[in-house]
Amino acid sequence: MATTALTCHTVVERVTDYLEGALPSGERAGFNVHLAACPDCRIYVEQMRQTVHALAGPTDSAIPLKTRDDLLQRFRT
Amino acid sequence: MQHDRRPSASTDDRVLAMALRSGNEAAFVSLLDRYHAALVRVAMMYVPNRAEAEEIAQETWIGVFRGIDRFEGRSSLSTWIYRILINQAKQRRRRADQSIPFSALWDAAGTAPEAAVDIDRFFPSDHERAGRWMSPPRSWEGNPEERMLAGETRTHIMEAVDGLPPDQREVVLLRDVEGWTAAEVCTILELSAINQRVLLHRGRSRVRRTLEIYLEGA
Chain A
1 MATTALTCHT VVERVTDYLE GALPSGERAG FNVHLAACPD CRIYVEQMRQ
51 TVHALAGPTD SAIPLKTRDD LLQRFRT
Chain B
78 MQHDRRPSAS TDDRVLAMAL RSGNEAAFVS LLDRYHAALV RVAMMYVPNR
128 AEAEEIAQET WIGVFRGIDR FEGRSSLSTW IYRILINQAK QRRRRADQSI
178 PFSALWDAAG TAPEAAVDID RFFPSDHERA GRWMSPPRSW EGNPEERMLA
228 GETRTHIMEA VDGLPPDQRE VVLLRDVEGW TAAEVCTILE LSAINQRVLL
278 HRGRSRVRRT LEIYLEGA
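For the record, the sequence lines run as chains A and B.
Heads up: the first sequence begins at 1 in this note's numbering, then just goes up one per residue.
Heads up: the second sequence begins at 78 in this note's numbering, then just goes up one per residue.
Simulated from the structure, these hints should not be mistaken for lab results.
Heads up, the beta-carbon is just placed ideally off N, CA and C, and yes, glycines get one too.
Reference listing, derived: stretches of chain B covered by chain A, where coverage requires no fewer than 3 residues with Cβ under 8 Å from a Cβ of chain A: (1) 99-110; (2) 134-140; (3) 206-220; (4) 223-232; (5) 250-256; (6) 272-286.
Full structure from sequences and hints, please.
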């Protein structure tokens, strides 16, 4: 498909497909052309990346010892 | 297509499943250590408090070792465990008399189309710059990395996630907070690849907007 000129408004609605690698190659090329010419959209895409990065936060990974013992007890019986 | 590929059981998963069937405690403990905390976090999406989420996680483990004979290896072991968890969590939520406030608030509105960015921030369709930024985003580069990841910012982010419609919250939490792949989320939540991306997009866009307001003091 031919690459048609994207507007900034389209970029903000397609940014997740872009970041997920789900845009068809023609659209991806058009997206990249737009980004090369549009500093505002570059900032926007970067903010979406920063948002994703900030969401991946520290998470606790320990199971309480009592829970572990209780479950092990039930597993045994 | 790559995005539709479902994760199936690895050799490790099959070995673990066999060990569970034969009552191997070390195998069970290794699963508890690896998944319990994450199970509780995921259960928190469906019930209003941590105590209930803990109960659901524990019921899930009982379901896992009682039902391990039914694990056929068509999905990964973790996917199978999470499906048990989510089924239990949803059943419990259905049974609960009182609905969770945010779910009541959002269930109807959550599926309506919504803009990633307020339409007023673009030039209108009768303008020569139609569809281009009128009120563009300002770079967050002035904010050091430490501020982005600082406790206060994190609190705002997680509040934004909590405020999402439930279907968006599920996807954002599993993809971006828990770090699952798109294929895992599609399998466990029984979503198409496209729907998964739509929910992810709406959820992330809202969280970005919250961050923008917070970081710019706008």
